[in-house]
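Given the coordinates of chain W, assemble chain X onto it according to the supplied hints.
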Amino acid sequence: MPHEDHNPYLPIPMHVLHAYYESTDQSLKTLELSFDNPQDARDFFAVFNPGQFCLLSVIGKGESALGVASAAWEGDFVRFTAQKMGSVTTALHALKPGDPIGMRGPLGNGFPLEDWKGKNLVIIGGGCAFSTLYALTKHLHHPANRGDYGKLTVIYGTRTSGLCMYKQDIAAWHQRDDMEVHQAIDVPEQDWLHHVGYVPDVVKEVKPSPVNSVAVVCGPPIMTKFTLPALVELGFTPETIFTSLEKRMKCGVGKCGRCNLGPKYICKDGPVFSLAELNALPADL
Amino acid sequence: MNLILKKDQLTDLLQTWRADYEVYAPQALHNFTHFLPLEDGFELAFNKAHNTRIPPKALFLPTSEALLKFTRFGGYEAVSTQVPPRLIFGIRPCDARAMTMLDAVFEQERYTDPHWKARRDATVVVGLGCHTPCQTGFCTTVGSGPFDRAGLDAILTDLGDLYLVETLTAAGENLFDQLSAAADEQTKRANELQQAAKESMPITFETEGLKEKLDANFVSPYWEEISRSCLGCGVCTFLCPTCFCFDIVDEAQRGERVRNWDTCMFRTYSLEASGHNPRPSRVERTRQRLSHKYTYWVDQIQQIGCTGCGRCVRYCPVGLDIRGMLRKANQLTTEVPHAA
Chain W
1 MPHEDHNPYL PIPMHVLHAY YESTDQSLKT LELSFDNPQD ARDFFAVFNP GQFCLLSVIG
61 KGESALGVAS AAWEGDFVRF TAQKMGSVTT ALHALKPGDP IGMRGPLGNG FPLEDWKGKN
121 LVIIGGGCAF STLYALTKHL HHPANRGDYG KLTVIYGTRT SGLCMYKQDI AAWHQRDDME
181 VHQAIDVPEQ DWLHHVGYVP DVVKEVKPSP VNSVAVVCGP PIMTKFTLPA LVELGFTPET
241 IFTSLEKRMK CGVGKCGRCN LGPKYICKDG PVFSLAELNA LPADL
Chain X
1001 MNLILKKDQL TDLLQTWRAD YEVYAPQALH NFTHFLPLED GFELAFNKAH NTRIPPKALF
1061 LPTSEALLKF TRFGGYEAVS TQVPPRLIFG IRPCDARAMT MLDAVFEQER YTDPHWKARR
1121 DATVVVGLGC HTPCQTGFCT TVGSGPFDRA GLDAILTDLG DLYLVETLTA AGENLFDQLS
1181 AAADEQTKRA NELQQAAKES MPITFETEGL KEKLDANFVS PYWEEISRSC LGCGVCTFLC
1241 PTCFCFDIVD EAQRGERVRN WDTCMFRTYS LEASGHNPRP SRVERTRQRL SHKYTYWVDQ
1301 IQQIGCTGCG RCVRYCPVGL DIRGMLRKAN QLTTEVPHAA
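Residue numbers (the working numbering), protein chains in the order written: chain W, 1 to 285; chain X, 1001 to 1340.
None of these hints come from the bench; they were simulated from the model.
Computed from a prediction, not measured in an experiment: that's the story for all the values here.
Idealized CB from N, CA, C, for every residue including glycine.
Treat the hints with care, as some may be off.
Stated by the list, open to error - For each label pair, taking beta carbons as the anchor points, the in silico distance ranges come out as:
(1) W/D76 - X/P1084: 38 to 44 Å
(2) X/P1202 - W/K117: 55 to 61 Å
(3) X/R1254 - W/G75: 36 to 42 Å
(4) W/S209 - X/R1254: 55 to 61 Å
(5) X/Q1108 - W/G86: 55 to 61 Å
(6) W/P220 - X/Q1082: 43 to 49 Å
(7) W/D169 - X/R1327: 55 to 61 Å
What the hints assert, rightly or not - From the derived model, a few chain W residues whose C-beta atoms are all more than 10 Å from chain X:
(8) H18
(9) A19
(10) A41
(11) F48
(12) P143
(13) K151
(14) S161
(15) M165
(16) H174
(17) Y198
(18) S209
This is chain W alone, in the form it adopts within the complex (with noise of 0.2 Å):
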């Protein structure tokens, strides 16, 4: 927990330690953050949770929030995929090993990985906002932390296969015993072997099932508007859907405003609800 006197604005000196193109299109770049100072690690970690986001900062460009997407236990570093789109995340692609950056966080409340013990886990992810739940299926790879849930089942569905994120690892998936991993692309490609069609047509022919599970879904809007019905119809609660939300956002901290969903700011009390939560909120996204 920041101690009393922290300085929320006050960004962490951090080095990029790797940086290195994730699409074949370069539109999706990650980096790989090293921390200057040891204590601010001991720091970051002591509160970290997949699901949280931290605010990058370049100088001179202002800050962009960027969703975690490593585990604790791969080491004392952070790692972010930022796709190109505004001033910031240009600035972030154009990033070299050894340069200077700022962070802040983490930030959010990450996903309620206790409350999920004991239960099969159904990953839903499309695109870049994948990231998250790459940390999450990795944080949960962990063989201290694997036996604290039961099925594991992924489905990552990208525009083409190109814009897969991690794809190594992704492919190191399939080969395990103890997840079921499920690709999909929207139009089919040569030597693609798994799933043709969008994530929520995806999600129907995979049928997860929805006894002792819970759902966590994360990707472009209008794939998570049509997912979280198929889910429904899965049988699925609404108290057993997940998903993690984004809007606009600059301080991070619950103060500037602008991330309000109702009485709700997506950064202090977010980013990861329930389906439950947000059907009693405002449709204001």
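Frame of chain W, contents of chain X only:
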């Protein structure tokens, strides 16, 4: 404790305080009154029985301030939050209550805003009750009042040639420890005046059940109707004592990360990098402004997020009146489905 301050003593008292505090009081500037630091030969502007144009929140959350400085080698440095002892004299009760509400935002358990907190901690607040409430104000409607004590260290009641000073905190007592106690007769007169001021203000709309009506009508032609003449200038939010939204931008040439007041009435406020905007028109933006004050604040701190100061009514360039908007909301029913 009730004390007596003769009006002809006031200037001397303010001068005395200047030795220990940076003293702010309403003074005339460019056709309006503002909270400005007292300088030699100051002249107070208490003749108008209403608020300064810019609310005193600006003394705690300046329109623009640096949060960080960039260092030479790509690092960040916090800006000092040291504030000298300050005294705000003559704040109106609606504005003082607003400060207590903003504390709930800036001094949350998990994340405290160091700039806000330093300024709050360093500031003593002396209020001046409104014996002639202003035309546009509606404080009594929203749970405040012309002599609301919330957020004040002391409050003054104008009794003609003297003020009755009611100290409310130790800091307030300390300020006025040279004054003599009020006679029972004077306290009684002040009480009558306070009561009369309150009673002179009509209840302008019904707050009972208002939140439920607004919540139930998140999707409703109501919002289009009330926002039709809005220009989207944002003056209602900039001059609102409980509005606190800000933007954070990098001023590269100055080497600073700066926060500036922002407003939900602007398109760019919620515009996302993808081009998507959850509040694309003034309809959604008006809905956000009203709902924030009359339902979201209520959920968060069980208080309406408006203190009825009336600035948004007084300064709206097209004469939009939040009281009228809410009277119209009173006629909505809760018998509609929640947001589809």
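Hint check results:
no.	hint	in the structure
1	W/D76 - X/P1084: 38 to 44 Å	holds (42 Å)
2	X/P1202 - W/K117: 55 to 61 Å	holds (58 Å)
3	X/R1254 - W/G75: 36 to 42 Å	holds (37 Å)
4	W/S209 - X/R1254: 55 to 61 Å	holds (58 Å)
5	X/Q1108 - W/G86: 55 to 61 Å	violated (28 Å)
6	W/P220 - X/Q1082: 43 to 49 Å	holds (46 Å)
7	W/D169 - X/R1327: 55 to 61 Å	holds (60 Å)
8	H18	holds (18 Å)
9	A19	holds (15 Å)
10	A41	holds (17 Å)
11	F48	holds (15 Å)
12	P143	holds (32 Å)
13	K151	holds (34 Å)
14	S161	holds (23 Å)
15	M165	holds (18 Å)
16	H174	holds (31 Å)
17	Y198	holds (19 Å)
18	S209	holds (30 Å)
In the structure shown, a violation is registered for the earlier hint numbered 5 alone.
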